[in-house]
Amino acid sequence: MRYAMAIDTKKCVGCGDCVVACQTENNVPHGYCRDWIVERVDGTYPSLSLELRSERCNHCDNSPCVRCCPTGASHIEEGGIVTVTHHKCIGCGACIQSCPYDARYSHPDGYVDKCTFCLHRVQKGQNTACVDVCPTKCLYFGDLDDPNSDVSLAIKDRAWKVLAPEAGTKPQLFFLT
Amino acid sequence: MKTRRDFIKISTAGAGAAAISFKAFGSKGFGLFESKIEGPASDEDLTPYPTYCEVCFWKCAAWAYVDKSGTIRKVIGNKNDPHCNGRLCPRGTGGVGMVYDEDRLKTPLIRDTRKDGSQYFREATWDEALNKVADKMKEVKEKYGPEAFGLFNHGTPGGQFHHLLKAYGSESNAEPAFANCRGPRSSAYFSTFGAYVGSPENTDIRDTKCLVLIGSHIGENMHNSQVQEMSDAIDKGATIITVDPRFSTAAAHSNHWLSIKPATDIALLMAWIHVLVFEELYNKDYVEQYTFGLDYLKDHVKDMTPEWAYGITTIEPEEIRKTARAMAGAAPSVIIHPGRHVVWYGDDTQRGRATAILNALLGAWGKRGGFYFPEGVSVPAFPHPHFPEPKWTWKDWNEGRYPLATMGITTEALKASVPRYNYKHQLKAWLVAGTNLPLSMPDKRLFKEAADAVEFIAVMDTMPMDITGYADVVLPEATYLERYDALRASPNREPNIALRMPAIEPKYDSKPGWWIAKQIGERLGLHDYFNYDDYSEVIDWQLKQLGTSLEEMKKVGVKKYPRKSGPLYLGDDEDFEFNTTTGKIELYSVDFADHGFDAIPKYTKHPEPQPNYYRLIYGRAPMHTFSRTSNNPNLFDLMSENSVWVNPKVADLWELENGQEVWLKNQDGAITSFPVKVRVTERIRWDSVYMVHGFGHSNKKLSRAFGKGASDTEMVTNVMVDPIMGGTGMRGNFITFLTEDPVMEGKEVKA
Ligand code: SF4
Ligand code: SF4
Ligand code: SF4
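Here the protein sequences come in this chain order: A and B.
Going by our numbering, the first sequence wraps up at 177, each residue one higher than the last.
Going by our numbering, the second sequence wraps up at 751, each residue one higher than the last.
Hints were generated in silico from the structure; no laboratory data involved.
In this text the structure is predicted, and so the values were computed from the model without any measurement.
C-beta atoms are modelled at their ideal positions from N, C-alpha and C, and glycine is treated no differently.
Warning: the hint list may mix true and false statements.
As the list claims (entries may be wrong) - In silico EDC-like pairs for lysine to aspartate or glutamate, Cα to Cα no more than 20 Å straight-line:
#1 LYS10(A) - ASP232(B)
#2 LYS10(A) - ASP235(B)
#3 LYS10(A) - GLU220(B)
Stated by the list, open to error - Anything over 12 Å on all C-beta distances counts as not near chain B; from chain A, calculated:
#4 ARG2
#5 GLY16
#6 THR71
#7 HIS75
#8 GLY91
#9 ARG121
#10 LYS124
#11 VAL133
#12 ASP143
#13 ASP145
Let the sequences and hints guide you as you build the complete structure.
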């Protein structure tokens, strides 16, 4: 089992619903977020292109944050989901520095926090909160090992990219271009 | 080392690229989340209560999930609801922030005067505040007649106050949503098809093959199912054509973006009509069977060629032809979107007519992938005596002006409140329910003059919006998650109803709108119009007439009914009589001609900016709506202020940098109360600037939103009024930049 997410940059409108849904679902404190939107504009008026994409932890196969965690709080859960056990985390921030995607933040309660791929929902067979809410249905989640999962089908016939491939982290977020 | 800021820079790599992200920074803790609730909210530990969203007025049905401590943890769309299909928009998802905003109005307030003459609000009991409103209503009735008591309303609770005023004897009401927003399209589509474009719009986007957005920003304008359907249409390969001087989100997702010169849209629309007619691309059978006036139209547009339009719009003739052919190729599954907030240059009903005529030529009205026939459930009125007949109503303010207005015009209501305008019928007092007039009305001078002139203002709201600062009595309303409200029954493909019930008790000393209206009514001796103890009795009675019950609705939230009015679309060659003078779709409007208006739209040239001035275009961001969400803690996290979009060429000229704060000044000398940050972006033309509406709040009680960003409405002093229905055109204002604090320059504010 290998959980992954695909994001269709041709459909995302950058509304940030995924961000609020994550905040309310996961009780993320105000002023922080586990997912966010990036807007990229290229060209000059009127020859322009715009890419909008919802980003979060890449749940990397080769995850530098897990390797560098001194207490083992950062670890890989079932289905390759990278998580932090809050009570084991000493808040040293080594993982924050090592993440090429800037996906982690220091929770005011003293531990490091980030996207969990909504493990608590996924374990019950639900989609993640951000996927479930997105009004443009541009987020796809599922098991890459299952060829019929939403994510496998989404990347099957479309061109996609991953972010910062040069970092060698084997990210599991696929951006459909 | 990478920080959040560095990450954003990484994504800007590449020539001419600019990236922004709204990862949130800082760590101010608010409300709910200070209570140290741990961990995610697991659905099985939560109790869902049905509601429908009231953040904007698309009214998506939802479930509010409440935990054991009585806290609403999240609001999730109702899967069975055609307005949302189980997915709320960001504002709806963040709607819970409306409840837990600690700046909410908490108790009734009464304006009082200190010994030194200064005024302040003191807290009052409900009894005192309600008596004060009722006493004033009695006094106005005696002195001037009940008609002199006016109502400004918006949203669901507005209906409760409309009921109160009607029982009291007044039909002097106005909703800014008409003349400040969608009125021109209502009059345009009614005069063409004999039917209104409602909310949700009856656009069949889900099955369209070609969607044309002209000044319509789906995606930034988050009307939920419409956004969802556009995304589905993109999946199915529909052609999207966007006309916008700004590279909007929709433009970025389009196959064709026509970067039109502002204020020239009618020229483009007429050229499209020209191509359809003279290349004989229109839907001949449909036009012959259902429309009236093709010959007039043909004659009217004969010189309105793409070459003619090129000189006006700056859109290449070939692009005009290509896009017209794309529409014809998709017909009848094509939609020229009627738009929303269509008050631009004062000829807006005519622009609406031009889009309606295009839809008619393509045969889109009543066809799959075009416009479907909506149907709603008619909810029986809870029995009450007849309303008294008012001696005059909102129609009489107009005194023959704006003959095709179908609702009260808010600016007319303001003028009717100012004695120097000498209106035959004058307003002496106001009730304001859920509409923040100082930020929703153009021309603040008029608003201020009117507010000064009336004897009394009572405001009902959940938040200390700017309007509350003008009130004599402030009545704190419970939020939509804390109250019963009227059933939602908006027309849709399938008729349906949705229930809103309280998920929690009202916080603080706030009360539901129905309760406030009833209490005032009782004090006025109008008990028979409010013959219930709790509004749930009214709803239960209505639901029983509809073959269900409160009990059942609490379990399902939404109930669908079979259609009775017939199919969604016209059958092939089906006879159909349209509700117009000729019984046909009017390409030539007999009604308009009778009233002395152009029966077919024509292009009029509008003023252009003076040197060093730029046209002010304003619009929406998907995470905010009107000016009512800027302080919502959840949505503030997503976007805390607006910025002014400036083309890099203009920024160079003015030596403006990204993030620099400037004040805006308009052609009439009005200056923004607060500075606004510059956003240098290629996404806007060099003759225009753009900003998101709803920021620049001046009420200090909004602890987050106060002074954040600038108010676009402060820059709208030139209002171009639509002679047909009174729409207030607001795109004819031009701004320039002040880089120094205007206070130091010796502030000169005419507005
Ligand atoms: S909710 Fe969907 S459309 Fe909105 S920003 Fe997130 S991914 Fe994009
Ligand atoms: S998967 Fe869950 S935790 Fe991760 S960004 Fe989406 S909502 Fe947040
Ligand atoms: S579109 Fe969004 S804000 Fe409007 S009613 Fe629906 S969920 Fe609420």
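Comparing the hints with the structure gives:
| no. | hint | result |
| --- | --- | --- |
| 1 | LYS10(A) - ASP232(B) | holds, 12 Å |
| 2 | LYS10(A) - ASP235(B) | holds, 10 Å |
| 3 | LYS10(A) - GLU220(B) | holds, 15 Å |
| 4 | ARG2 | holds, 22 Å |
| 5 | GLY16 | violated, 4 Å |
| 6 | THR71 | holds, 20 Å |
| 7 | HIS75 | holds, 18 Å |
| 8 | GLY91 | holds, 14 Å |
| 9 | ARG121 | violated, 8 Å |
| 10 | LYS124 | violated, 8 Å |
| 11 | VAL133 | violated, 5 Å |
| 12 | ASP143 | holds, 21 Å |
| 13 | ASP145 | holds, 25 Å |
The earlier numbered hints that this structure contradicts are 5, 9, 10 and 11.
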